[in-house]
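Asks: Okay, here's what each chain looks like letter by letter:
2 protein chains.
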Amino acid sequence: MPDNGRMDPEEFRSAGHELVDWIADYRMKVGSLPVRPVVAPGDVLRALPATPPVAADALSDIVADLDSIIVPAITHTQHPRNFAWFPANASLSSVLGDLAAAGLGVLGLSWQSAPALTELEQAVCDWMRQLAGLSDAWSGTILDGASTACLVALLVARERATSSSLRRGGLQQEASPLTVYCSREAHSSVAKAALLAGYGSDNLRLVDAPPPGYEMNPSALAAAMAADVEQGRRPAAVVATAGTTGTTAFDPIRDIAEIAGRHGAYLHVDAAMGGTALLLEERRELLEGVEEADSVCWNPHKWMGMVLETSLYYVRDPAELVGVMATDPSYLRSSVDGAVVQYRDWGIPLGRRFRALKVWFQLRLDGPAAIRARLRRDLANASRLASLVGAHPDWRVLAPVRLQTVCVRHEPEGLGADALDAHTLAWCEAVNATGRAHLTPAKLEGRWMVRISVGAEPTEWDDLEELWTLMREAASERS
Amino acid sequence: MPDNGRMDPEEFRSAGHELVDWIADYRMKVGSLPVRPVVAPGDVLRALPATPPVAADALSDIVADLDSIIVPAITHTQHPRNFAWFPANASLSSVLGDLAAAGLGVLGLSWQSAPALTELEQAVCDWMRQLAGLSDAWSGTILDGASTACLVALLVARERATSSSLRRGGLQQEASPLTVYCSREAHSSVAKAALLAGYGSDNLRLVDAPPPGYEMNPSALAAAMAADVEQGRRPAAVVATAGTTGTTAFDPIRDIAEIAGRHGAYLHVDAAMGGTALLLEERRELLEGVEEADSVCWNPHKWMGMVLETSLYYVRDPAELVGVMATDPSYLRSSVDGAVVQYRDWGIPLGRRFRALKVWFQLRLDGPAAIRARLRRDLANASRLASLVGAHPDWRVLAPVRLQTVCVRHEPEGLGADALDAHTLAWCEAVNATGRAHLTPAKLEGRWMVRISVGAEPTEWDDLEELWTLMREAASERS
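Residue numbers (my numbering), protein chains in the order written: chain A, 1204 to 1682; chain B, 1204 to 1682.
A few of these clues could be false.
Note: identical chains are not told apart, hence a pair may lie in one copy or across any two.
When the alpha-carbon atoms are kept at most 20 Å apart in a straight line, the in silico EDC-like pairs for lysine to aspartate or glutamate are as follows [unchecked claim]:
id, residue 1, residue 2
1, Lys1232, Asp1270
2, Lys1232, Glu1214
3, Lys1232, Asp1268
4, Lys1232, Glu1221
5, Lys1232, Glu1213
6, Lys1646, Asp1624
7, Lys1646, Asp1246
8, Lys1646, Glu1614
9, Lys1646, Asp1540
10, Lys1232, Asp1211
11, Lys1646, Asp1411
12, Lys1646, Asp1621
13, Lys1646, Asp1531
Keep in mind that the hints were calculated from the coordinates and are not lab data.
Taking the hints into account, I'd like the entire structure generated from these sequences.
Replies: Printed below as a string of structure tokens:
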């Protein structure tokens, strides 16, 4: 390395080729690795020096450590038999877009600092809107994730309900409490956002979402809102979920919008997972009514395959969002203010990466048709797996397969509820311990079940057949 | 592209080499490009298709568009004569770390999902702590930026002051208002964070920070806090700035900590810019007293050179932070909870990228000694420039050069205040219009000045000499 303290472009060229090759090799072999990490707490820390480096290393030293320390200690999200949590595809096309962003090293502070960063973000957000069949009443930006999007939405809702209390005495001077509503199947980030936005847990209503579909019950929502109003509280926001974490349930957005509208409450749709379904015309009905919402969050960094952190946030009224988020210091003023979009005023951070490049690269290199074909493959595979599982006498599919997630339980005769819970966790762990597939358990109606989240990019039907064999072996050995 | 909708590893290998070469070429030639974008609002949008792609493109098509559409439309942050805003170096070593993160495509949801992501983050945060000479009482994480860090700090402060109102009725049920204090030279993100956290603008105190140093005046802080207490308000938090955006002033942290302590107020240190000074033993006195704070934010993605978004956030009491940020849904529970760090509970987002790799790569590939040498070069260059400017009869250096930022004004005789403002903006714009250097104006004491923020990785003394020539030419033509 040169003594001016930086890797120069020629060194980068050679090290970059080496690293690209390493990534290509990793992706080729990932299916042969144990899906789940095989380390105990502290193992990685103990493998690393306790003190910072002194001399400069070569890339080959780091690559050796990637192989020996890092790779054995991660869940291989890109593995064809990773069925844990949600799909989190990092398509190689979007990896290139992300690399271009890092390589250009552009700092997005304002339109002025990087017009292309701003306007490409406008363009790809609009392309994604068109691909999703959303109307042109929506304006979009790219946030880091759905937790942040929900926090932003609940902050805007708070300010709407209090006529901009942030420009006065803040939330602390509000006399009658504001309330927030979501399904009890909503993601934990909704409750977190409500608490961080200052509403307080006493004012968060987890609305019933009963079996068999686990969607929010609109009557229960209406009743909860009416009861709050009666007691002097003010319904400020409803969060509807399109694709819950547990069972991929879709709350009935149209009904919810109608009820929220009666109270002037803000409606945010958390379509972090389910938004990708909008790409498929035949599944758009799952989000029927979404046009009535105030904001929608959709994470292309999940099933669709864009590198983290690519979370689309669409609003119908950018002026309302900007009214809450804007600051205007002198060092950011420019002669074009007003004529351009300033994305710093659409979210929490000031400086931003060139996130739009990931979207641009994936849409152009893979193409929407191929992406849609892959999504349809996953839906067909999930549905086929659900049929196999459902046809087996000892197995149950616990929720409608609305998308690519299959929720199952092995229920051999004669097990009480607690024993069944133990059995569920045991066979799931046994499958995971093989290293050949990875599943995550979750609670449904207070009892453990196992989620099979289909949708890693390389997952084909063969992988699901192998999983089903592993599941039956693991479950039968234990019953 | 294959019809399964993804770029395969062999296609990635070849396209990756092409893109790495393009980045290396870009970095080699960046110094010959106009620093500032040469486009008008809407130019980039008009150059892009209004509708999404239909067929899949080749990487070479995208690279051609990068050259023709994107590169002319960004401020070249990595340009040797970019003196705008703050340095935002994307060192090529950290670009590689960021590429490794994208290529692995790991999803950090919990320790369990990616032990290496969690433990490498623990390790590099601790290495950085050691390099900065901070005591081992600090525990760190990597957030996206200083705006988020400040919001997190003010949320924790709010909950400390209200004994966890988020677990009850929220901020809206607090009777006596909470107040927040920062210097009037603090970054706009402090006010934004206070407003988003619900304190309200009426309860934000911008404390005097007078010339010549523009540091917060501790007596004014003490007086403001005492007046608030007298009027029944409760001082909840103070934000001290280490390296203000305007003049790189350092608030006197030790005095501020003592005053905050009297009122039990939380103390956050925004060392987004100034934190890097801690790497240099001879500059650590600038942050004297930092050990008394509750939290510190430091952005290695600025001067130090790590790719965005690398914002270190250190706290003295992780349990207090986790108490505000934690959620515990069943699908994230694991048998090792309690034995490990769960970074999802240290900030707002749930899922995280493998951010620690950027830090690991830069520290190992460049090495701390070379990084420190570069920082010292920048300090010497800034100081030398300040001497030249200060020695010229018509030019003034407006603030002490504490770090790498030189604040200047050309003050020819006979100009009134408004004419001087116009002259300042005019010569700054004239320098920028040459495309050979980029400066940003800012207000100081209500009047325009020009900031010269030294510290792009490739900036050498020659570049500053060229800038000084451009400045004198531009200013003399106009006076």
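Asks: Hints first: check each against the structure and report whether it holds.
Replies: Status of the hints after comparison with the structure:
1. Lys1232 - Asp1270: Within one copy, since 12 Å is at most 20 Å while 34 Å is not.
2. Lys1232 - Glu1214: between (27 Å within a copy, 15 Å between copies)
3. Lys1232 - Asp1268: For Lys1232 and Asp1268, the Cα distance is within 20 Å only inside one copy (17 Å; across copies 33 Å).
4. Lys1232 - Glu1221: within (17 Å within a copy, 23 Å between copies)
5. Lys1232 - Glu1213: Intra 29 Å, inter 12 Å, cutoff 20 Å: inter-copy only.
6. Lys1646 - Asp1624: within (10 Å within a copy, 64 Å between copies)
7. Lys1646 - Asp1246: neither (30 Å within a copy, 52 Å between copies)
8. Lys1646 - Glu1614: Classified as within; 15 Å inside a copy, 70 Å across copies.
9. Lys1646 - Asp1540: This pair counts as between: shortest inter-copy Cα distance 17 Å, intra-copy 50 Å.
10. Lys1232 - Asp1211: For Lys1232 and Asp1211, only the inter-copy Cα distance (12 Å) is at most 20 Å; the intra-copy one is 31 Å.
11. Lys1646 - Asp1411: within (15 Å within a copy, 54 Å between copies)
12. Lys1646 - Asp1621: within (13 Å within a copy, 67 Å between copies)
13. Lys1646 - Asp1531: Classified as between: cross-chain Cα gap 12 Å, same-chain 46 Å, threshold 20 Å.
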